[in-house]
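J.: Here the protein sequences come in this chain order: A and B.
Using our numbering, the first residue of the first sequence is number 7, and each one after it goes up by one.
Using our numbering, the first residue of the second sequence is number 8, and each one after it goes up by one.
Hints are computed from structural coordinates only; laboratory data are not their basis.
Treat the hints with care, since some could be wrong.
In silico lysine to aspartate or glutamate, DMTMM-like type, Cα no more than 25 Å apart, as pairs [claimed, not checked]:
(1) Lys435/A x Asp204/B
(2) Lys179/B x Glu198/B
(3) Lys260/A x Asp424/A
(4) Lys96/A x Glu62/B
(5) Lys294/A x Asp424/A
(6) Lys80/B x Asp439/A
From the structure, some residues in chain B lie toward chain A, with a derived Cβ separation under 8 Å [claimed, not checked]:
(7) Asn56
(8) Ile57
(9) Thr59
(10) Arg67
(11) Arg71
(12) Asp75
(13) Gly251
(14) Pro252
(15) Gln254
(16) Leu292
(17) Lys296
From the three backbone atoms N, C-alpha and C, an ideal C-beta is built for every residue, glycine too.
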Amino acid sequence: MKCVRPYCAFVVVMLTFAGGCANKNQTTTDSGTRAVQLTYWPAPNPEEIQLADTLVRRWNLLHPDIQVLMQPIPVSQSTEEVLLAAIAGKTTPDICSNIWPGALHDYTQAGGLVELSKFPDFDSVMAARTPRDLLETFSTDGKYFQVPWKANPVMMFYNVGMFKEAGVDSVPRTYSEYFAAAKRVTRDTSGDGQIDVWMGERDIRPIWWQRLFDFFPFYIAASNGQTLLRNGTVAFDNRYAAEVMGFFQECYAKQYFPHTFFQGGDPFLLQKKATNFSGPWFIATIHKLAPYLRFGVAPLPVPDDHVGPVYTYGNYKNIAIFSTTQHPKEAWEFVKYLISARHDLLLLKIANQLPVRGDLLTNKLFAGYFRENPLMLKFAEEVPYTRGDDPAPDLKEILDGISQEYEACAVYSKKTPDEAIHDAAERTKLIVDWNK
Amino acid sequence: MKSTFNIRQALRQSDKTGFWFVSPYAIFFLLFVAYPLLFSFILVFNRWNIVTPMEWVGLRNFDRLFRDPLFFKSIVNTLVFLLIHIPLQISVALGLSLLLNSKIKFRGFFRAVYFLPVVVSGVVVTILWQQMYSFDDGVLNRLLVSVGLSRVPWIVDPSYAMPSIAIMATWKNVGIYIVLFLVGLQGIPHELYESSDIDGASTRQQFWKITLPLLNPTIIVIVVLSTIGGFSLFIEPYVLTGGGPMQSTLSAMLYIYNQAFYFGHMGYAAALGFVFALIILLVVLLQRKLIESEPTA
Numbered sequence: 007m008k009c010v011r012p013y014c015a016f017v018v019v020m021l022t023f024a025g026g027c028a029n030k031n032q033t034t035t036d037s038g039t040r041a042v043q044l045t046y047w048p049a050p051n052p053e054e055i056q057l058a059d060t061l062v063r064r065w066n067l068l069h070p071d072i073q074v075l076m077q078p079i080p081v082s083q084s085t086e087e088v089l090l091a092a093i094a095g096k097t098t099p100d101i102c103s104n105i106w107p108g109a110l111h112d113y114t115q116a117g118g119l120v121e122l123s124k125f126p127d128f129d130s131v132m133a134a135r136t137p138r139d140l141l142e143t144f145s146t147d148g149k150y151f152q153v154p155w156k157a158n159p160v161m162m163f164y165n166v167g168m169f170k171e172a173g174v175d176s177v178p179r180t181y182s183e184y185f186a187a188a189k190r191v192t193r194d195t196s197g198d199g200q201i202d203v204w205m206g207e208r209d210i211r212p213i214w215w216q217r218l219f220d221f222f223p224f225y226i227a228a229s230n231g232q233t234l235l236r237n238g239t240v241a242f243d244n245r246y247a248a249e250v251m252g253f254f255q256e257c258y259a260k261q262y263f264p265h266t267f268f269q270g271g272d273p274f275l276l277q278k279k280a281t282n283f284s285g286p287w288f289i290a291t292i293h294k295l296a297p298y299l300r301f302g303v304a305p306l307p308v309p310d311d312h313v314g315p316v317y318t319y320g321n322y323k324n325i326a327i328f329s330t331t332q333h334p335k336e337a338w339e340f341v342k343y344l345i346s347a348r349h350d351l352l353l354l355k356i357a358n359q360l361p362v363r364g365d366l367l368t369n370k371l372f373a374g375y376f377r378e379n380p381l382m383l384k385f386a387e388e389v390p391y392t393r394g395d396d397p398a399p400d401l402k403e404i405l406d407g408i409s410q411e412y413e414a415c416a417v418y419s420k421k422t423p424d425e426a427i428h429d430a431a432e433r434t435k436l437i438v439d440w441n442k
Numbered sequence: 008m009k010s011t012f013n014i015r016q017a018l019r020q021s022d023k024t025g026f027w028f029v030s031p032y033a034i035f036f037l038l039f040v041a042y043p044l045l046f047s048f049i050l051v052f053n054r055w056n057i058v059t060p061m062e063w064v065g066l067r068n069f070d071r072l073f074r075d076p077l078f079f080k081s082i083v084n085t086l087v088f089l090l091i092h093i094p095l096q097i098s099v100a101l102g103l104s105l106l107l108n109s110k111i112k113f114r115g116f117f118r119a120v121y122f123l124p125v126v127v128s129g130v131v132v133t134i135l136w137q138q139m140y141s142f143d144d145g146v147l148n149r150l151l152v153s154v155g156l157s158r159v160p161w162i163v164d165p166s167y168a169m170p171s172i173a174i175m176a177t178w179k180n181v182g183i184y185i186v187l188f189l190v191g192l193q194g195i196p197h198e199l200y201e202s203s204d205i206d207g208a209s210t211r212q213q214f215w216k217i218t219l220p221l222l223n224p225t226i227i228v229i230v231v232l233s234t235i236g237g238f239s240l241f242i243e244p245y246v247l248t249g250g251g252p253m254q255s256t257l258s259a260m261l262y263i264y265n266q267a268f269y270f271g272h273m274g275y276a277a278a279l280g281f282v283f284a285l286i287i288l289l290v291v292l293l294q295r296k297l298i299e300s301e302p303t304a
């Protein structure tokens with residue numbers, strides 16, 4: 007995969023440049039009048055494309071004078087690469103709904119985004135949808151360049167059948183309970199002397215974003231909601247982070263997690279592993295690819311002495327308007343349309359993802375959906391206990407540093423958890439200092 | 008004033024055809040050597056990720072560099088590679104060139120075969136070796152298992168990964184050094200061997216007392232070329248291991264590439280590049296000092 011990255015980047019740059027050659031600002035309506043044309047990039051997964059298609063069709067019928075062209079974000083290694091290439095080539099769309107807050111710093115530094123808080127009705131629109139304290143976590147020096155759109159709390163999926171078969175009666179809540187269950191579940195079922203069923207599995211390659219689904223949410227959970235940085239300084243050189251690293255080290259050392267890189271399918275869907283740490287979108291994946299699978303959802307395991315609610319990573323994806331737009335007011339109208347309550351319900355129904363709304367559990371509009379989807383209710387209940395990404399430049403490199411230590415400590419047991427956390431913190435300090 | 012006038016007059020009166028002849032190289036040099044070098048030098052004092060405007064940071068890139076353990080680890084990894092690769096390369100190339108210099112059947116065929124990997128793309132060669140080195144179903148481990156031996160973690164164990172890359176790089180490049188050694192061998196006067204035969208010298212003595220000393224200039228060229236080639240180790244770890252496991256194959260070039268194109272730190276990568284170029288210069292000068300000596304034969 008790595009070897010194709012330069013070619014992907016080249017294709018992306020060429021496509022974005024080519025896109026820029028088209029006149030995308032105006033189009034002609036059926037009645038012959040000139041209509042404003044906006045370009046909207048949603049995430050390129052099938053569910054979100056379907057959602058975007060539905061929303062854009064409705065919008066275009068209702069607004070003949072503002073026509074929206076939906077184009078999924080060009081496929082690449084990551085959305086962030088595509089958007090940065092587009093900003094460099096000044097070929098960004100008007101609106102994008104797959105903004106990772108961790109990369110926002112790069113976009114704003116490049117002057118690539120419109121300040122949304124300048125719109126006169128921004129405060130009232132946001133006050134009606136998102137709790138103030140949560141909204142403030144997405145501000146950049148008191149300004150807003152993004153609308154918090156959806157959250158995907160990372161939780162633990164477990165295979166009910168595999169637990170039952172191994173004699174695990176209750177869902178593990180703590181590390182000790184997880185290890186006790188792992189001891190029963192992890193075994194050789196075919197009798198060839200090789201373990202073929204594991205308690206869990208993580209990609210053993212040190213890829214930075216993988217840590218957003220293991221170390222980072224587990225650290226947030228263990229530390230009662232802390233993130234990597236506090237006021238721009240390193241805040242994870244502590245016992246919580248070491249406990250999390252120790253947890254994963256034991257998972258690999260006792261072979262509860264395999265040292266193999268699985269190719270040819272998700273091992274949870276193939277019933278090769280009993281637990282998986284993922285967001286609500288995984289429900290749709292299971293229903294589509296393994297409809298026979300009986301599964302449940304629970305909060306992430308926490309240290310044995312943990313007290314209080316179990317926090318997790320929110321994996322937020324937000325909406326932004328790019329500064330290349332020639333129609334910011336019209337683009338803002340479309341953004342407001344996207345985040346209306348009715349369309350948030352569509353986000354739930356079509357994409358199985360949770361809108362960042364304060365009234366998600368109280369608004370009657372959503373009650374029917376949650377009655378029909380009790381597992382999604384568990385994710386919705388977790389939303390108030392989520393944390394986002396640290397608004398730091400070079401978050402990618404910080405997570406890469408943690409990934410390298412995760413590999414050395416957890417996967418290969420070449421470092422103690424304390425050493426690994428200390429070294430990761432030192433590297434993070436180096437990166438943070440350099441960026442000051 | 009007089010000298011300026013003379014230059015102008017000389018330019019006016021000179022034949023301009025020469026300028027046209029050198030212009031292709033001059034344009035190439037200005038575009039692809041002088042401009043990138045100058046731009047890199049400016050970048051050294053700036054922070055820039057291509058997208059955001061360039062930001063002057065003075066010597067902060069160097070401040071980070073000297074506190075960056077990963078850069079020093081990548082230098083050590085590269086030196087480890089060189090320590091394995093250069094002796095392996097020289098001994099294999101010398102051995103094969105001695106064989107190919109003797110009167111054997113199909114000599115031309117073998118010379119062509121050994122040169123073949125040199126002309127094949129590095130990415131293709133690396134993907135081929137990736138299949139061969141695969142832990143579970145690679146050809147090498149299958150062979151080992153078939154003769155009752157256990158599997159070798161060629162590229163998945165930190166202590167094996169860099170030697171495995173060195174073996175692969177030797178296989179890829181040995182052809183060119185065979186050619187260089189053959190040139191050197193054919194330049195040794197045959198009379199020296201004839202007279203040593205009359206004096207009763209054995210083949211071993213001839214090798215140590217005649218062949219090797221007279222190949223000294225060729226060995227220097229090969230050591231310098233393989234050192235420079237070794238320092239630019241990139242494709243193999245990039246494709247084969249991505250720098251892992253546990254950064255054991257993170258070469259200096261790969262680290263510079265990652266900083267520039269993966270994390271978007273163009274200025275920092277330029278600073279790394281300049282320091283790395285200085286290290287290469289020092290090592291090559293040191294090598295020349297140590298190896299270069301007058302032939303004794």
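J.: Given the hint that lysine 80/B pairs with aspartate 439/A, does the C-alpha gap stay at or below 25 Å?
T.: Holds, at about 21 Å.
J.: Is it true that the CA of lysine 179/B sits at most 25 Å from the CA of glutamate 198/B?
T.: violated (35 Å)
J.: At a threshold of 8 Å, is the proposed contact between proline 252/B and chain A supported by beta-carbon distances?
T.: For proline 252/B, the interface hint holds, since the closest Cβ of chain A sits about 7 Å away, which is under 8 Å.
J.: Does the interface hint hold: is arginine 67/B within less than 8 Å of chain A, judged Cβ to Cβ?
T.: Status holds, d = 7 Å.
J.: Checking one constraint from the list: CA of lysine 435/A to CA of aspartate 204/B, max 25 Å. Satisfied?
T.: violated (69 Å)
J.: Does the interface hint hold: is isoleucine 57/B within less than 8 Å of chain A, judged Cβ to Cβ?
T.: Status holds, d = 6 Å.
J.: Under the criterion of a CB-CB separation shorter than 8 Å, is aspartate 75/B in contact with chain A as hinted?
T.: The hint holds - aspartate 75/B has a Cβ within 8 Å of chain A, the shortest such distance being about 7 Å.
J.: Close enough to count: is the Cβ of asparagine 56/B nearer than 8 Å to one in chain A?
T.: holds (7 Å)
J.: Holds or violated: lysine 260/A and aspartate 424/A, Cα atoms, limit 25 Å.
T.: holds (19 Å)
J.: For the restraint on arginine 71/B, tell me whether the closest CB of chain A is nearer than 8 Å.
T.: This interface hint holds because 5 Å falls under the 8 Å limit.
J.: Is the straight-line distance between the alpha-carbon of lysine 96/A and that of glutamate 62/B 25 Å or less?
T.: holds (20 Å)
J.: For the hint on lysine 296/B, just tell me whether its beta-carbon gets within less than 8 Å of chain A.
T.: Check failed: Cβ of lysine 296/B comes no nearer than 35 Å to chain A, outside 8 Å.
Violated hints, listed in ascending order, are 1, 2, 5, 16 and 17; each of the other numbered hints is respected by the structure.
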